Amino acid sequence: MPFQDIIWAIAMTGMGLVALVFVYVIVNAGKAVDPAAGSRTQARIASLRKGLFGLLLLIFVGASWATLHRFPIPRQDTSLQASQVVDVLGRQWSWQMSMQGQQSGSTLQLASGSPVEFRVTSADVNHGFAIYDPDGRIVIQTQAMPDYTNKILYTFTKPGTYKVMCLEYCGLGHAPMVTSFEVAKAAGG
Amino acid sequence: MAALTMYPESERLSAGERVAFNLYMISAVVLFVLMMLLGVIMRMAQGTWLEVAPDLFYRLLSMHGAGMVGTMGMVTTAVMWFFLRKYVTLHLWAFVANYVLFLLGALCIIAAIFVGRYGGLWTFLYPLPTHSMGMWPDASAAWFMIGYLLIGVGMLLFYLDATAGLVRKYGNLGRSLGLQWLFGGRIDPEHPKAVVASTMVIIANSLGIIAGAVILVMYLVGIVYPEFKLDPLVAKNLTYWFGHMYINATIYMGVIAVYELLARYSGRPYAISRPFLWSWAASTLFVIIVFPHHLLMDYAQPRWVSITGQIISYSAGFPVFLVTVWGALANIHRSGMRWSMPSRLMILSLFGWAAGIVPAILDGTISINRVMHNTQWVPGHFHFYLLLGVLPMALALMYHVIGSRRNQVSNSAADRLGLPIYLLGGLIFTLAFLAAGHLSVARRMSSHLPEWIFTDQVGAVGAILVLLAMIYFATRITIGLLRGPDSGHAAHAAA
Numbered sequence: 008m009p010f011q012d013i014i015w016a017i018a019m020t021g022m023g024l025v026a027l028v029f030v031y032v033i034v035n036a037g038k039a040v041d042p043a044a045g046s047r048t049q050a051r052i053a054s055l056r057k058g059l060f061g062l063l064l065l066i067f068v069g070a071s072w073a074t075l076h077r078f079p080i081p082r083q084d085t086s087l088q089a090s091q092v093v094d095v096l097g098r099q100w101s102w103q104m105s106m107q108g109q110q111s112g113s114t115l116q117l118a119s120g121s122p123v124e125f126r127v128t129s130a131d132v133n134h135g136f137a138i139y140d141p142d143g144r145i146v147i148q149t150q151a152m153p154d155y156t157n158k159i160l161y162t163f164t165k166p167g168t169y170k171v172m173c174l175e176y177c178g179l180g181h182a183p184m185v186t187s188f189e190v191a192k193a194a195g196g
Numbered sequence: 402m403a404a405l406t407m408y409p410e411s412e413r414l415s416a417g418e419r420v421a422f423n424l425y426m427i428s429a430v431v432l433f434v435l436m437m438l439l440g441v442i443m444r445m446a447q448g449t450w451l452e453v454a455p456d457l458f459y460r461l462l463s464m465h466g467a468g469m470v471g472t473m474g475m476v477t478t479a480v481m482w483f484f485l486r487k488y489v490t491l492h493l494w495a496f497v498a499n500y501v502l503f504l505l506g507a508l509c510i511i512a513a514i515f516v517g518r519y520g521g522l523w524t525f526l527y528p529l530p531t532h533s534m535g536m537w538p539d540a541s542a543a544w545f546m547i548g549y550l551l552i553g554v555g556m557l558l559f560y561l562d563a564t565a566g567l568v569r570k571y572g573n574l575g576r577s578l579g580l581q582w583l584f585g586g587r588i589d590p591e592h593p594k595a596v597v598a599s600t601m602v603i604i605a606n607s608l609g610i611i612a613g614a615v616i617l618v619m620y621l622v623g624i625v626y627p628e629f630k631l632d633p634l635v636a637k638n639l640t641y642w643f644g645h646m647y648i649n650a651t652i653y654m655g656v657i658a659v660y661e662l663l664a665r666y667s668g669r670p671y672a673i674s675r676p677f678l679w680s681w682a683a684s685t686l687f688v689i690i691v692f693p694h695h696l697l698m699d700y701a702q703p704r705w706v707s708i709t710g711q712i713i714s715y716s717a718g719f720p721v722f723l724v725t726v727w728g729a730l731a732n733i734h735r736s737g738m739r740w741s742m743p744s745r746l747m748i749l750s751l752f753g754w755a756a757g758i759v760p761a762i763l764d765g766t767i768s769i770n771r772v773m774h775n776t777q778w779v780p781g782h783f784h785f786y787l788l789l790g791v792l793p794m795a796l797a798l799m800y801h802v803i804g805s806r807r808n809q810v811s812n813s814a815a816d817r818l819g820l821p822i823y824l825l826g827g828l829i830f831t832l833a834f835l836a837a838g839h840l841s842v843a844r845r846m847s848s849h850l851p852e853w854i855f856t857d858q859v860g861a862v863g864a865i866l867v868l869l870a871m872i873y874f875a876t877r878i879t880i881g882l883l884r885g886p887d888s889g890h891a892a893h894a895a896a
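Protein chains in written order, with this note's numbering: chain A, 8 to 196; chain B, 402 to 896.
The hints are simulated quantities; they were obtained by calculation from the structure and are not laboratory data.
Be aware that one or more of the hints could be misleading.
Said to hold, decoys possible - Just so you have them, the derived chain B footprint on chain A, three or more residues with Cβ under 8 Å:
hint, stretch
1, 12-19
2, 24-34
3, 66-75
4, 133-144
5, 147-157
Said to hold, decoys possible - So the derived label-pair ranges between C-beta atoms look like this:
hint, chain 1, residue 1, chain 2, residue 2, range
6, A, Lys38, B, Ala672, 17 to 23 Å
7, A, Tyr31, B, Ala540, 55 to 61 Å
8, A, Ser111, B, Trp450, 38 to 44 Å
9, B, Ser848, A, Ala44, 57 to 63 Å
10, A, Tyr31, B, Val706, 37 to 43 Å
11, B, Glu852, A, Gly45, 50 to 56 Å
12, A, Gly108, B, Ala540, 44 to 50 Å
13, A, Val185, B, Thr490, 57 to 63 Å
The model shown is predicted, which means the values in this text are computed figures rather than measured ones.
Where is the CB? At the ideal position from N, CA and C, for every residue including glycine.
Could you put the whole structure together from the sequences, leaning on the hints where they help?
Set out below in structure tokens:
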């Protein structure tokens with residue numbers, strides 16, 4: 008299942024729960040209760056809030072640990088020791104991708120199953136370097152920024168044609184700023 | 402408790418105040434309609450129902466972004482002014498000066514875009530405004546930035562006047578924020594929530610506007626002296642520090658209307674509490690330091706900065722869910738609520754804020770941001786809480802004021818029809834964005850891949866519904882505000 012589908016399901020569940028709470032309160036808001044029953048209800052609501060605080064705290068700590076204990080961005084100040092290294096240069100409005108041993112101008116060929124390091128920078132303005140898999144979903148991205156090099160480390164598992172699109176608005180030719188590369192099944196894989 | 406009087410005498414507008422308030426509100430609803438029209442055009446263009454050349458599309462996008470953010474800032478400033486003036490002395494000249502500077506700034510921005518062909522978007526990300534590849538001249542970028550500076554100066558003037566009023570009454574901003582009651586002591590039950598929220602906005606948004614002014618002035622220096630270069634990462638941090646705080650301040654100014662009005666419609670006092678003060682103290686800090694979540698894909702940022710962005714994004718949900726939304730829902734639960742336009746709009750606004758924060762928090766997670774950043778997920782979540790959250794807060798006050806002038810709560814059949822159309826359109830429009838983001842559809846593109854167009858067309862239908870409802874609201878509000886109060890019946894005839 009694509010990662011985006013999981014995110015979508017979480018978002019819709021969360022937003023749906025919020026909507027349900029609102030619907031419940033709205034349906035009951037028009038009914039007035041006597042002051043004694045009202046203060047009992049308010050006490051129940053106050054204890055429910057404590058429960059919600061505990062639940063949110065649990066989600067907060069759990070989600071932070073799950074998403075940060077292995078930091079999702081590779082170290083930027085050292086070599087990433089990848090067997091495949093691709094230099095990426097964004098400029099208004101094209102991508103230049105080069106790898107040692109491959110002829111410039113030809114479609115880049117990468118192997119699946121082993122990590123690829125992308126060293127991404129820009130010659131002019133900010134661009135967004137986003138890799139779309141053969142099914143049209145983003146698998147990873149970073150910003151291409153002048154004067155800085157952002158490093159991505161990614162292991163492709165699915166062979167096919169991957170598309171690179173610019174995800175940071177960069178002027179008139181932003182939408183057509185597209186290129187592609189091929190990922191082949193690793194030999195013996 | 403005075404707050405339960407529907408139209409208290411302390412909210413009466415003098416003749417001058419009434420003119421100023423009407424100018425703010427009528428300008429705002431007209432601008433919202435125009436900016437929504439641009440939004441409809443862009444969604445229809447992406448959906449291939451309309452042909453718009455790329456250069457025009459990006460100019461419309463620049464206008465829509467700057468126009469919407471600026472108008473949200475203007476209208477919610479009027480919300481803050483309307484209530485804060487009851488508690489501290491505010492000078493009408495500062496409120497009017499903010500409006501005049503806003504208009505002057507808006508004129509500069511409109512001229513830069515439609516005469517000067519500026520298309521560098523409202524975020525003016527360095528160095529694009531001065532690196533257009535012939536799409537627009539540097540002079541247009543300069544006019545656009547001068548427009549921003551004028552708007553920022555106007556808002557700072559208003560904040561300075563409000564600060565002076567708060568300090569005169571409470572001694573310092575810490576006391577008006579209620580920090581003295583965080584760890585104990587008897588909280589003054591009459592300490593106004595509007596004062597607490599206004600203090601937070603003044604502190605956070607003044608810093609944001611100053612950060613924006615720094616980068617804008619550096620840009621202008623760079624236009625005059627092209628050899629002057631900025632560090633792109635520093636420039637980006639300053640830009641998002643400004644942008645994030647400015648647009649977030651609109652929520653915190655707008656919610657003052659809910660704090661002030663909700664109890665009058667539910668008939669149940671909505672008291673200040675220690676959790677409330679804690680939540681606003683925490684939000685003051687969070688809103689100032691959360692902006693790195695806009696730069697999670699800038700891997701050159703120090704790691705601790707990105708982690709701060711994620712953790713603070715998560716933390717920001719606590720005050721919203723546990724205090725503001727929970728407190729408001731508890732207030733109306735089984736209260737015998739009087740349903741009318743202001744109360745419906747207030748509840749809608751809280752729903753829009755609370756539900757809109759869910760996809761926003763998700764996107765603040767680094768590993769999620771890697772696949773959602775700059776997709777339509779982003780306009781999905783911010784349109785959710787701006788369109789269904791902040792704008793209804795301001796509309797609620799407008800409807801309330803119309804009611805005060807006739808001494809009758811606004812609740813016509815047309816209003817009751819307009820609101821569901823607005824809600825339905827808003828849900829279709831924003832969920833289409835979120836669905837597109839989940840399908841990896843990029844944001845800010847003049848043309849889309851064939852497989853993306855379906856979500857654009859669904860979004861366009863929602864946008865048209867929202868526009869139709871907003872045209873009705875704008876007409877109704879303009880007529881209501883301009884119409885004099887009924888003789889002998891008005892709660893708030895002009896003094």
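Comparing the hints with the structure gives:
With 5 residues having a beta carbon nearer than 8 Å to a beta carbon of chain B, the stretch 12-19 of chain A meets the requirement of three or more and the stated coverage holds. Requiring three or more residues with a Cβ within less than 8 Å of a Cβ of chain B, the coverage given for the stretch 24-34 of chain A holds, as 6 such residues are present. Taking a C-beta to C-beta cut-off of 8 Å, the stretch 66-75 of chain A contributes 5 residues in contact with chain B, enough for the three needed, and the coverage statement holds. Interface restraint, the stretch 133-144 of chain A with chain B: holds (6 residues with C-beta to C-beta distance below 8 Å; minimum three).
Against chain B, the stretch 147-157 of chain A contributes 10 residues with a C-beta closer than 8 Å to a partner C-beta. That satisfies the three-residue criterion, and the hint holds. The supplied range of 17 to 23 Å is met by A:Lys38 and B:Ala672, whose beta-carbon atoms lie about 22 Å from each other. Hint check: A:Tyr31 to B:Ala540, Cβ distance near 57 Å, so the stated range 55 to 61 Å holds. With their beta carbons about 41 Å apart, A:Ser111 and B:Trp450 fall inside the hinted range of 38 to 44 Å.
B:Ser848 and A:Ala44 have their C-beta atoms about 60 Å apart, which keeps the hinted 57 to 63 Å range intact. Our hint of 37 to 43 Å for A:Tyr31 and B:Val706 holds, since their Cβ atoms are close to 40 Å apart. Checked against the hint of 50 to 56 Å, the pair B:Glu852 and A:Gly45 passes, with Cβ atoms roughly 54 Å apart. A beta carbon spacing of about 48 Å between A:Gly108 and B:Ala540 agrees with the range 44 to 50 Å that was offered as a hint.
At roughly 59 Å, the beta carbons of A:Val185 and B:Thr490 sit within the given window of 57 to 63 Å.
Figure legend: structure checked against the earlier numbered hints; every hint is met.
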